[in-house]
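Trainee: One line per chain: the protein sequences are A and B, in this order. Following full-length UniProt numbering, the numbering of the first sequence begins with 1 at its first residue and continues without gaps. Following full-length UniProt numbering, the numbering of the second sequence begins with 1 at its first residue and continues without gaps.
Derived from the structure by calculation, the hints contain no laboratory data. Treat the hints with care, as some may be off.
Said to hold, decoys possible - When the alpha-carbon atoms are kept at most 27 Å apart in a straight line, the in silico DSSO-like pairs for lysine-lysine are as follows:
1. B:LYS93 with A:LYS245
2. A:LYS339 with B:LYS144
3. B:LYS126 with A:LYS231
4. B:LYS137 with B:LYS126
5. A:LYS132 with A:LYS189
As the list claims (entries may be wrong) - The following label-pair restraints were derived from C-beta to C-beta distances:
6. B:ASP148 with A:THR129: 26 to 36 Å
7. B:MET142 with A:TRP136: 35 to 45 Å
8. A:ASP596 with B:LYS144: 45 to 55 Å
9. B:GLY197 with A:PRO227: 16 to 26 Å
10. B:SER213 with A:SER76: 55 to 65 Å
11. A:GLY235 with B:GLY197: 53 to 63 Å
12. B:LYS144 with A:GLY448: 50 to 60 Å
13. A:PRO593 with B:GLN147: 25 to 35 Å
14. A:VAL213 with B:LYS144: 45 to 55 Å
What the hints assert, rightly or not - So, partial list: chain A residues that the calculated Cβ filter (under 8 Å) puts toward chain B:
15. PHE79
16. ASP111
17. LYS139
18. ASP141
19. PHE378
20. PRO382
21. THR386
22. PHE411
23. CYS436
24. MET438
Here a beta-carbon is modelled for each residue, glycine too, at the ideal position from N, C-alpha and C.
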Amino acid sequence: MSEDDEDQSPATDLRSQPPCSPNKSRNCISSSQTFPDHVLENVLENVLQFLDSRCDRNAASLVCKLWWKVEGLTRSEVFIGNCYALSPARLTQRFKRVRSLLLKGKPRFADFNLMPADWGANFAPWVSTMAKAYPWLEKVDLKRMFVTDDDLALLAESFPGFKELILVCCEGFGTSGIAVVANKCRKLKVLDLIESDVTDDEVDWVSCFPEDVTCLESLAFDCVEAPINFKALEGLVGRSPLLRKLRLNRFVSLEEVHRLLLLGAPQLTSLGTGSFSRGDQSQQEPPDYAAAFRACKSVVCLSGFRELMPEYLPAILPVCANLTSLNFSYANISPDMFKPIIHNCHKLQIFWALDSICDEGLQAVAATCKELRELRIFPFDPREDTEGPVSELGLQAISEGCRKLESLLYFCQHMTNAALIAMSHNCPELTVFRLCIMGRLRPDHVTGKAMDEGFGAIVKNCKKLTRLAVSGLLTDQAFRYMGEYGKLIRTLSVAFAGDSDMALRHVLEGCPRLQKLEIRDSPFGDVALRSGMHRYYNMRFVWMSACRLTMGCCKDVARAMPNLVVEVIGSDDDDVNRDYVETLYMYRSLDGPRKDAPQFVTIL
Amino acid sequence: MIGQLMNLKATELCLSLPGGAETLDTPAKSAVGNKRGFSETVDLMLNLQSNKERAIDLNNATASKQKTLLKDPVKPPAKAQVVGWPPVRNYRKNIMTNHKTSGADEASSEKAGNGGGGATGATLVKVSMDGAPYLRKVHLKMYKSYQDLSDALAKMFSSFTVGNYGAQGMIDFMNETKLMDLLNSSEYVPSYEDKDGDWMLVGDVPWEMFVESCKRLRIMKGSEAIGLGTSNSPF
Chain A
1 MSEDDEDQSP
11 ATDLRSQPPC
21 SPNKSRNCIS
31 SSQTFPDHVL
41 ENVLENVLQF
51 LDSRCDRNAA
61 SLVCKLWWKV
71 EGLTRSEVFI
81 GNCYALSPAR
91 LTQRFKRVRS
101 LLLKGKPRFA
111 DFNLMPADWG
121 ANFAPWVSTM
131 AKAYPWLEKV
141 DLKRMFVTDD
151 DLALLAESFP
161 GFKELILVCC
171 EGFGTSGIAV
181 VANKCRKLKV
191 LDLIESDVTD
201 DEVDWVSCFP
211 EDVTCLESLA
221 FDCVEAPINF
231 KALEGLVGRS
241 PLLRKLRLNR
251 FVSLEEVHRL
261 LLLGAPQLTS
271 LGTGSFSRGD
281 QSQQEPPDYA
291 AAFRACKSVV
301 CLSGFRELMP
311 EYLPAILPVC
321 ANLTSLNFSY
331 ANISPDMFKP
341 IIHNCHKLQI
351 FWALDSICDE
361 GLQAVAATCK
371 ELRELRIFPF
381 DPREDTEGPV
391 SELGLQAISE
401 GCRKLESLLY
411 FCQHMTNAAL
421 IAMSHNCPEL
431 TVFRLCIMGR
441 LRPDHVTGKA
451 MDEGFGAIVK
461 NCKKLTRLAV
471 SGLLTDQAFR
481 YMGEYGKLIR
491 TLSVAFAGDS
501 DMALRHVLEG
511 CPRLQKLEIR
521 DSPFGDVALR
531 SGMHRYYNMR
541 FVWMSACRLT
551 MGCCKDVARA
561 MPNLVVEVIG
571 SDDDDVNRDY
581 VETLYMYRSL
591 DGPRKDAPQF
601 VTIL
Chain B
1 MIGQLMNLKA
11 TELCLSLPGG
21 AETLDTPAKS
31 AVGNKRGFSE
41 TVDLMLNLQS
51 NKERAIDLNN
61 ATASKQKTLL
71 KDPVKPPAKA
81 QVVGWPPVRN
91 YRKNIMTNHK
101 TSGADEASSE
111 KAGNGGGGAT
121 GATLVKVSMD
131 GAPYLRKVHL
141 KMYKSYQDLS
151 DALAKMFSSF
161 TVGNYGAQGM
171 IDFMNETKLM
181 DLLNSSEYVP
191 SYEDKDGDWM
201 LVGDVPWEMF
211 VESCKRLRIM
221 KGSEAIGLGT
231 SNSPF
């Protein structure tokens, strides 16, 4: 069983990874007759080193033992979708020359407080094992891992050629850890902190970069909730000739951005604008911000606007025509402020915003952004019973105007089946469809019916769909559609949906590509769980919380499937003998149950 | 009556450990005369096992979630807010809360700084240690006693083993045992800033009182601790 698997990682830095190439036919070289093994190995090595894609490499490694061995020697980039699927020792035993590691930890529902803190996903054992095994490691990309300052210090000390550190949705470290990395990784090209929880240790980490010219190409610290030494940042930008991506945090004012742009604007391709508000209000004449943005001839990706002063928004107009990616999702922008801006963004492919732009704003997007591939609309006020500013009207407009849409995340209060059906016909390229109707169990607000037909149309007509998140009032029928049509679905997210076990059975029996299943607060029980046992070894994980599972059934599953780690997570006062299972998280593992499980986790 | 007496005893002015004068005579790791060392005052036991820095996540601290298990799926939803719904990441929620209160002031930036919770009314205090290159934050309500707090502080400050990188006079944290020795000596004394802005020695008042009044913690060099007040000062 290969520990890697195909995946399209979710977009980071508003840029999606290319999909795996399909398996090519392979020439199987007979491994014995004509050539001695070591010659064959060398030939293979030279050939296999050109294989980049994970899928291809996994396939190649299954040809025969020789190929398995040589592939293990030549794989330089390793992807591990679940850090508990295998131990660090196994990684270093199988792959000898790893330069790049992508590691994912906690399940996604942990982001929504559905799991207590300190559950695990510690980076420490990985970094300490790799420190000895991979001295030439260059890149580490972590998602939802617990990383300490010590881990970062060890990383900085152990890998002299270290080039790229990307931490997405991580926590456990602070600015002191960042300071060490900045100081000791002399070849650092990329330091990207994305939506991570970074504690403010009151360390001037920006000053810790070495004094001479740096190799920095990308520096993203928009999530760091701590003031920075701006003078030091200016100096850093000034001596980083290769810098292309700079994402500032909200402690950088508009004047300061202005100064930075005057320094390095022409090279930048991606800019996170920080607060986008004036720090020093006393000055009468603000500098010419538009001129600074005019100098940004290469900027194609714009984000930030953390504390937007809307009167300065027009300053970005000079770059709009070039933008392929725009992130307004931290800015409370009204439709009137928004429309003049978006009107210029003809090349836009990725757009994130708050629902404050309203249906009206979405209509403007639909009218202008014909190249749109990815849209994410977040709620300004994420509560259940408010009047939502966006609805089926906005979605309908988008589906009619943006025919190339591939990925959608949409939060709203009201939706109709008709809008979803329309979208399913208008946007055949959809691979990711995530709709969150914030009111639980809310039906189609025009017809009063369940949202079954709408989601059914999506799975039926969007033939490339790989990721689906459903919401609103849904009966078993919706799941029947998913099982029947959702043949390519890899990730499914369900909340407050379905009537009975049959719903989950439809999915488990009908979706052969299902890898990641996350369910909360739905009436699925033991019968449903048992119906999927033929699938669980082929899945990355299953999460079920506040469903109707019993301890007895979970134990049965654990017993029947020894390579499956079955975790039951409950509060401290849960009696292990109690029958009701609050949270089930189970995943395949090559190395058995983990040793670092906290007290509130019971591994069956 | 006895309860009252016990309370009085707890607030009695004294120079020893809360709990008795006899500890002064024990061949402690640190005591020099009546001067309290860090370890004595809060009975420090440096367990240098785990290096995990506890991310203080207020929402996750209690694992009590509302069970919204639906008995009847067609039943209208309860109006109470459900944990984790709508599925908006805490990070994003915090940012928007800051927006609404339109403050880049200390309070909101602190709330945002602790990231995963943003609960109002959090008693997050900064803990600094003289000579350390950084400071930490703790949520006092997470601990039940001075012992709890001292254990946590020990872990926090001994777990960071990076050497100094530039600034003068910083402790070399590379050597854990060295740090332990330092903390055990009478050189270090924990103090705190109370509501009135006065710097007090930790350990004089009952735990609950301490939690209510402590605004900031500082583990300072003993030589600088002279002249610190105790909370029952007549002034």
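Trainee: Each of the hints needs a verdict: does it hold here or not?
Mentor: Consistency of the hints with the structure:
1. Between LYS93 (chain B) and LYS245 (chain A) the alpha-carbon distance is near 26 Å, which keeps this suggested pair within the 27 Å criterion.
2. With a C-alpha separation of about 54 Å, the suggested pairing of LYS339 (chain A) with LYS144 (chain B) is violated against the 27 Å cut-off.
3. Only pairs whose Cα atoms come within 27 Å are accepted, and LYS126 (chain B) paired with LYS231 (chain A) is accepted, the gap being roughly 26 Å.
4. Restraint check: the Cα-Cα separation between LYS137 (chain B) and LYS126 (chain B) comes to about 4 Å, which is no more than 27 Å; the hinted pair holds.
5. Between LYS132 (chain A) and LYS189 (chain A) the alpha-carbon distance is near 23 Å, which keeps this suggested pair within the 27 Å criterion.
6. As the Cβ distance of ASP148 (chain B) to THR129 (chain A) is approximately 33 Å, the hint placing it in 26 to 36 Å holds.
7. For the hinted restraint 35 to 45 Å between MET142 (chain B) and TRP136 (chain A), the CB-CB distance of approximately 42 Å keeps it satisfied.
8. Checking the proposed 45 to 55 Å range against ASP596 (chain A) and LYS144 (chain B) shows it is violated: the Cβ atoms sit about 25 Å from each other.
9. Taken as a hint, the range 16 to 26 Å holds for the pair GLY197 (chain B) and PRO227 (chain A), whose Cβ atoms sit roughly 23 Å apart.
10. Distance hint check for SER213 (chain B) and SER76 (chain A): the Cβ-Cβ separation is about 57 Å, which falls inside the suggested range of 55 to 65 Å.
11. For the pair GLY235 (chain A) and GLY197 (chain B), the beta carbons lie near 37 Å from each other, so the given range of 53 to 63 Å is not met.
12. At roughly 52 Å, the beta-carbon separation of LYS144 (chain B) and GLY448 (chain A) lies within the given 50 to 60 Å, and the hint holds.
13. In this structure the hint that PRO593 (chain A) and GLN147 (chain B) lie 25 to 35 Å apart at CB holds, the actual value being about 32 Å.
14. At roughly 53 Å, the beta-carbon separation of VAL213 (chain A) and LYS144 (chain B) lies within the given 45 to 55 Å, and the hint holds.
15. For PHE79 (chain A), the shortest C-beta to C-beta distance to chain B is roughly 23 Å, which exceeds 8 Å, and the interface hint is violated.
16. At a threshold of 8 Å, the smallest CB-CB gap from ASP111 (chain A) to chain B is about 5 Å, leaving the interface hint in force.
17. Given hint, LYS139 (chain A) at the interface with chain B, is violated; its Cβ is 22 Å from that chain's nearest Cβ, farther than 8 Å.
18. Checking ASP141 (chain A) against chain B by beta carbon gives a least distance of about 18 Å; that is not within 8 Å, so the hint is violated.
19. Residue-level restraint check for PHE378 (chain A) holds (minimum Cβ-Cβ distance to chain B is 7 Å; threshold 8 Å).
20. Residue-level restraint check for PRO382 (chain A) holds (minimum Cβ-Cβ distance to chain B is 4 Å; threshold 8 Å).
21. The beta carbon of THR386 (chain A) comes no nearer than 11 Å to any beta carbon in chain B, farther than 8 Å, and the hint placing it at the interface is violated.
22. The criterion of a C-beta within 8 Å of any C-beta in chain B is met by PHE411 (chain A), whose closest approach is roughly 6 Å, and the hint holds.
23. Of the supplied interface hints, the one on CYS436 (chain A) holds, with its beta-carbon coming within about 6 Å of a beta-carbon of chain B, less than 8 Å.
24. Against a cut-off of 8 Å between C-beta atoms, the interface hint on MET438 (chain A) holds, since the closest Cβ of chain B lies about 4 Å away.
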